[in-house]
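There are 4 protein chains.
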Amino acid sequence: MKSFTGETKKPGVRDPDICVVTCAVTGVLANRRQNPGIPYTPAEIADECKRAYDAGASVVHIHARNDDGGPTFSPAVFARIKEEVRARCPIILNFSTGTILDDVTDQCTYVRESKPEIAALNMGTMNYAKYSPKRKQFDFDMVFPNTYSKIIKLLEVMNEVGVKPELECFDTGHTNGIAPLLDMGVLRPPLQFSFIMNVLGGIPGHVESLQLQTKIMPAGSEWEVIGISHGAWRMIAAALVLGGNIRCGLEDHLYLPNGEMATSNGPLVETAVRLVRDVGRRPATVEEAREILSLGAPR
Amino acid sequence: MKSFTGETKKPGVRDPDICVVTCAVTGVLANRRQNPGIPYTPAEIADECKRAYDAGASVVHIHARNDDGGPTFSPAVFARIKEEVRARCPIILNFSTGTILDDVTDQCTYVRESKPEIAALNMGTMNYAKYSPKRKQFDFDMVFPNTYSKIIKLLEVMNEVGVKPELECFDTGHTNGIAPLLDMGVLRPPLQFSFIMNVLGGIPGHVESLQLQTKIMPAGSEWEVIGISHGAWRMIAAALVLGGNIRCGLEDHLYLPNGEMATSNGPLVETAVRLVRDVGRRPATVEEAREILSLGAPR
Amino acid sequence: MKSFTGETKKPGVRDPDICVVTCAVTGVLANRRQNPGIPYTPAEIADECKRAYDAGASVVHIHARNDDGGPTFSPAVFARIKEEVRARCPIILNFSTGTILDDVTDQCTYVRESKPEIAALNMGTMNYAKYSPKRKQFDFDMVFPNTYSKIIKLLEVMNEVGVKPELECFDTGHTNGIAPLLDMGVLRPPLQFSFIMNVLGGIPGHVESLQLQTKIMPAGSEWEVIGISHGAWRMIAAALVLGGNIRCGLEDHLYLPNGEMATSNGPLVETAVRLVRDVGRRPATVEEAREILSLGAPR
Amino acid sequence: MKSFTGETKKPGVRDPDICVVTCAVTGVLANRRQNPGIPYTPAEIADECKRAYDAGASVVHIHARNDDGGPTFSPAVFARIKEEVRARCPIILNFSTGTILDDVTDQCTYVRESKPEIAALNMGTMNYAKYSPKRKQFDFDMVFPNTYSKIIKLLEVMNEVGVKPELECFDTGHTNGIAPLLDMGVLRPPLQFSFIMNVLGGIPGHVESLQLQTKIMPAGSEWEVIGISHGAWRMIAAALVLGGNIRCGLEDHLYLPNGEMATSNGPLVETAVRLVRDVGRRPATVEEAREILSLGAPR
Ligand SMILES: [Zn+2]
Ligand SMILES: [Zn+2]
Ligand SMILES: [Zn+2]
Ligand SMILES: [Zn+2]
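Protein chains in written order, with our numbering: chain A, 1 to 299; chain B, 1 to 299; chain C, 1 to 299; chain D, 1 to 299.
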C-alpha cells in the first residue's frame with residue numbers, strides 16, 4: 001500500500017500517513033479582549049480541550065491561568081485542569097513548563113503531582129522582545145533564559161515521574177544543543193520535538209527552516225511544527241508535506257485561514273484535520289498518538 | 001495586509017495568495033476500464049471542464065480522444081472541444097501538444113486554428129517506459145524525444161498566433177535547457193512553467209525537487225506543479241506552500257486523498273480548492289488567471 | 001578522532017575523510033587544436049594516466065581514440081590502452097561505454113575482453129545539443145538515447161565479468177530511474193554514482209543539484225561529481241564539502257582554476273588533490289579506492 | 001567572461017569571484033598553553049596582523065588582551081593595537097565588541113576613539129556553555145545576553161562615528177531579528193553579516209545552515225562564514241562555493257587542515273587563500289575589500 005508520499009509503506013515502521021494533531025488551547029499571551037473565545041478557568045480550558053478532541057486532536061497543550069486570565073503556575077490549578085479534562089475526554093495532556101524566571105520549583109511540582117503524559121520544555125535561550133512598528137520602539141525587550149541547569153532540573157523531574165519531555169526548539173541551536181543532555185543520559189531517545197517558527201529572535205517561518213531543523217534532530221525522532229501568528233497555516237501545511245506532526249490552537253494563531261477570528265479551538269482543529277486528510281494523511285487517534293509518542297498506558 | 005506566508009503584501013506585486021488552479025480533465029493514458037468517469041468525446045470533455053470550472057478551476061488542460069477513447073491529434077476534434085467548452089463556461093483553454101513522434105504538423109495546425117489561450121509544450125527528451133514489478137520486466141521502453149528543433153517548430157506557431165506556451169519540465173535539465181531558446185528570442189518572458197513530478201525517468205516527487213526547479217527557472221516566472229500518480233496530493237500541497245500554482249485532474253491522478261477513486265474531475269478540483277483555501281490562499285478567478293498568466297483578453 | 005565535518009569518526013564506517021580522485025584523461029569531444037595536451041594514442045593516454053597517478057588520482061576514466069583523435073570503440077584499442085597503463089602504474093581503470101547509437105556490441109566486447117575494474121554507464125536519455133550564442137543557432141541538436149534495454153544489455157555483461165558499473169546520471173530522473181533495475185536484480189548494491197553537472201539538457205551546476213542527487217540515490221552509495229566546463233572547480237569543491245568523491249581531467253574542463261589552460265592532466269589532478277587536502281580530507285590510495293568502491297582484488 | 005560559478009559576469013555587479021579574507025588573529029578564549037603562537041600584546045597582535053596581510057588577508061578581527069593573555073576592553077589597549085597595526089600595514093581593522101555583560105561603556109568608548117573601519121556586533125542572545133564529555137558535566141553554563149537595547153547602544157555609536165557594524169549571527173533568529181533595527185533606521189543597508197557555525201547553543205556546521213542564513217539575510221548583503229573548531233575548513237570551503245567571504249585565524253580554529261597546530265596566523269591565511277584560488281576565485285585586495293564592504297576611504 002502506498003503512503004501519502006507515493007512510496008510503499010513498510011511493515012514495522014511508523015505509518016507516515018498518521019499525523020498527531022495537538023491543540024494549544026489557551027497559552028498566556030492573548031486575552032479575551034483580543035479573542036473572546038480564549039478559556040481562562042480550568043472548566044473553560046477543559047471545555048476547549050473537549051472541542052479539540054471532538055474535532056480530531058489527540059493531544060492538548062495547556063498553560064494555566066487565573067480566573068482573570070493572568071498566568072499562574074499553581075500546582076493546584078494544574079491539578080484541577082487535569083481533573084476537568086479527564087472528566088470530559090481521554091485526550092493526552094501536555095503541560096507547559098515555560099517561565100522567564102530561572103526558578104522552576106512550581107513547574108517541577110505540578111509535573112511531579114499532576115503527571116501529564118507530556119511536558120513541554122524550552123531548549124534554549126534567546127531574546128524575548130516585542131517591537132511596535134507604529135511607535136518605532138520595543139514594547140518589551142528581555143532575555144528568555146533557559147540554561148542547561150534549568151533544563152536539567154526539569155528533565156530530572158520528568159524522568160523521575162515518567163513524563164515525556166517535548167523539546168521546544170525556537171532555533172537550530174536549541175535542537176543541536178541537546179547533544180550534552182543525551183551524553184549525560186538525562187535526555188533519552190526516542191525524542192519528541194516541537195519546532196516553533198516565526199517568533200522574533202527565533203527561526204523564521206520558511207520551509208527551509210523545517211528542513212534544517214529536521215536534518216539536525218536525531219534520526220527517528222518525532223516532531224511537530226508550531227507556526228506562530230500569520231503564516232501559521234502555511235507552516236502546518238509544510239509540516240504535513242514533510243511528514244511531521246502539527247499543532248494549532250488559540251495559543252499559536254487566533255485566525256482561520258480565511259482571516260476570520262476563530263470563535264474557539266474547535267474550528268481551528270477542524271481546519272487542521274481537514275488539511276491532514278486533504279494531503280492524504282489521517283489524524284492519529286489518542287491510542288495511536290500514545291504509541292507514536294511512546295507514552296505508555298493511560299494514567 | 002499579511003499574505004499567507006506571514007509577510008506584508010506589496011502593492012504592484014503579483015498577490016502571492018492567489019493560486020491558479022488547472023484541471024487536466026482527461027489525458028490519454030487512462031481509460032474507462034480504470035475509471036468510468038474519464039471523458040472521451042468533445043461533449044463529455046466539455047462537461048468535465050464545466051465541472052472543473054464550477055469547482056473553482058480557471059484553466060483546463062485538454063488532450064483529444066476518439067470516441068473509443070484512443071488519442072487523436074485531429075484539428076477538427078480540438079476545434080469541436082473548444083466549441084463545446086465555450087458553450088458551457090469561460091474557462092481558459094490549455095491544449096496539449098505532446099507527441100512521441102517528431103512530426104508536429106497536426107499539433108501546429110490545431111494550435112494555429114483553435115488558438116487556445118495556452119498550449120503545453122514538452123521541454124526535453126527522456127526515457128518513456130513502464131515497468132511491471134509483478135512481471136519483473138518493462139511493459140514498454142521507449143524514448144520520448146523533444147529536440148530543440150521540435151520545440152522551436154511549436155514555439156514559432158504559438159508566437160505567430162499569440163498562444164502562450166506552458167513549459168512542461170519533467171526534470172531540471174528541461175528547465176535549465178531554455179537558455180538557448182531565450183537567447184534566440186523564440187521564447188519570451190514572462191514564462192510559465194509546469195513541473196511534472198514522479199514520472200519514471202523524470203524528477204521524483206520530493207519537496208526539494210520543486211525547490212530546485214523553482215531556483216533554476218528565471219525569477220518572476222509563473223509555475224505550477226503536476227504531481228503524477230500516488231503522492232499527487234502531497235505535491236499539490238507542497239506547491240501551495242512554496243507559492244506555486246497547482247494542477248489536478250483525472251490525467252494526473254485518479255484518486256481522492258482518502259484513496260477513493262474520483263467519479264469525475266469535480267471532486268478532484270473541489271479538494272484542490274479546499275487545500276488552496278486551507279493554507280490561507282484563494283483560487284484565481286478566470287479573469288485573475290488571465291492577468292497572472294499574461295494571456296490578454298478573451299477570444 | 002574528528003572527521004573533516006567536525007564529527008567524531010565511527011569505527012567500521014567508511015572514513016568520510018578519504019576521497020577517491022578520478023581523472024578523465026581524454027574524453028572524445030575536445031581535440032589538440034583546443035588543447036595540445038590531449039592524448040590520442042594508447043601510449044599517450046597511458047602517459048597521462050601515469051601523470052594522474054603520480055599526482056594522486058586512484059582511478060582513470062578512459063575513452064579510446066584513433067591516432068588522429070577521432071573516437072573509436074575498437075576492443076583492440078581498449079585492450080592496448082589497458083596494457084600500456086598497466087605497464088606504467090596500478091591505477092584503477094574505468095572505461096567509458098557511452099555511445100549515441102543504440103548498438104552496444106563493441107562496448108560489450110571490450111568490457112568483456114578488457115575487464116576494466118569499472119565501466120561508466122549512462123543512465124538515461126536526454127537531448128544532446130550544442131548552441132552557438134554567436135550564430136544564434138544550434139551547432140547540432142540530437143537525442144542521446146539510453147533506454148532501459150540498452151542499459152540492461154551493458155549491465156548484464158558487466159555482471160557476467162565482474163566489472164563495476166559507474167552510474168552516470170546527467171539529471172535527477174536518471175538517478176531515480178534505477179528503481180526497476182534494482183527490482184530486476186540486474187543492478188546490485190553497493191552502487192557507485194557519477195553526477196554530471198552543467199551539460200545542456202542536464203542538471204545545472206548548483207550546490208542544490210548535488211544535494212538533490214545525493215538525496216535521491218540509495219543511502220550508502222558512493223558518489224562523485226563531474227563538473228563540466230566552467231564552474232567545474234566550484235562543483236569539485238562542493239562535492240568535497242558534501243562528502244563526495246571527485247573527478248577532474250581534460251575530458252571535463254581544460255582549464256586550471258586561474259583560467260590558464262592545463263598542459264596535461266597532471267596539474268589538474270594536483271589542483272584537485274590540493275583541494276581535497278585543504279578541506280581536511282585526503283586522497284584515497286589505489287588500495288583504499290578498491291575497498292571504498294567494492295572492486296575486489298587487482299586483476 | 002565567466003565567473004567561478006560558470007555564469008557570465010555582469011558589469012556593474014559585485015564581482016562574485018572576489019572573496020574578502022578576514023583573519024581573527026587572537027580571540028580571548030585560547031591561550032599560549034594551547035597554542036604558543038597566540039599573540040597577547042599590541043605589538044604581538046600587530047605582528048600577526050602583518051603576517052595575515054602578507055598571506056593575503058584584507059581584514060583583521062581583533063580582541064584585546066592584557067600582557068598575561070587575559071581579556072581587556074581597555075580603550076587605551078585598543079588604541080595601541082591600532083597604532084601598532086597601522087605602523088606595519090594598511091589592513092582593514094575589525095574590533096570585537098562582544099561581552100557577556102550588559103554594560104558596553106568600554107566598547108562604546110574604544111569604537112568611538114579608535115574608529116576601526118568595522119566593529120563586530122553580536123546580534124542575539126543564546127546559551128553560552130561548555131560541556132566536558134569526560135566528566136559528563138558542564139564546565140560552565142551561562143547566558144550570553146545581547147538584548148536589543150544593548151545592540152542599539154553599540155549601533156548608535158557606530159553610526160555616530162562611521163564604523164561599519166559586522167552583524168555576528170550565531171543562529172537564524174539573530175539574522176532574522178534585524179527587522180526591527182532596520183525599521184527603526186538604526187541599522188542601514190548595505191549590511192555585512194558573519195555567520196558563526198558550530199558553537200554549542202548556536203547553528204551547527206552544515207552546508208544547509210549557510211544556505212538558510214543567506215536566504216534569511218536581506219538580498220544584496222555581504223556575508224562571511226566563521227567556522228569554529230573542527231569542521232572549520234569545511235565551512236570555509238562551503239562559503240567559498242556558495243559565494244561568501246571567509247574568515248580564518250587562531251580565534252576560530254588552531255589547526256591546519258592536516259591536523260597540525262598552526263604556528264601563527266600566517267599559515268592559516270595561506271591555506272585559506274589557496275582554497276580561494278583553487279575554487280576559481282581570488283582574494284580581495286585591501287582596496288577591493290573597502291569597496292565591497294562599503295567602508296569609504298582609509299582613515
Ligand atoms: Zn505553550
Ligand atoms: Zn497532458
Ligand atoms: Zn567519459
Ligand atoms: Zn571575535
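Keep in mind the hints are simulated off the structure, nothing from the lab.
Hints may contain errors.
Below, a list of computed lysine to aspartate or glutamate pairs in the EDC-like style, where the Cα atoms sit at most 16 angstroms apart [said to hold, decoys possible]: (1) A:2 with B:17; (2) B:153 with C:141; (3) A:130 with D:183; (4) C:136 with B:183; (5) C:115 with C:141; (6) D:82 with D:44; (7) C:153 with B:260; (8) C:82 with C:47; (9) D:134 with A:183; (10) C:153 with C:102; (11) C:215 with A:17; (12) A:215 with D:288; (13) B:2 with A:260; (14) B:215 with A:208; (15) B:130 with C:183; (16) C:130 with B:183; (17) A:115 with A:156; (18) D:50 with D:103; (19) D:136 with A:15; (20) D:153 with D:103; (21) B:215 with D:7; (22) D:215 with A:208; (23) A:215 with C:7; (24) D:215 with B:183; (25) A:134 with D:208; (26) A:153 with A:141; (27) A:2 with A:17; (28) C:2 with D:183; (29) B:2 with B:17; (30) B:134 with C:183; (31) C:215 with B:183; (32) A:153 with A:103.
Among chain A residues calculated to face chain B with C-beta under 10 angstroms, some are [said to hold, decoys possible]: (33) 43; (34) 105; (35) 184; (36) 211; (37) 229; (38) 231.
Backbone N, C-alpha and C fix where the C-beta goes; we use that ideal spot for every residue, glycine too.
Open item on the list: Hint compliance check: list the failing hint numbers for this structure, sorted ascending.
Closed with: 1, 5, 7, 11, 12, 18, 19, 24, 25, 26, 28, 31, 33, 34, 35
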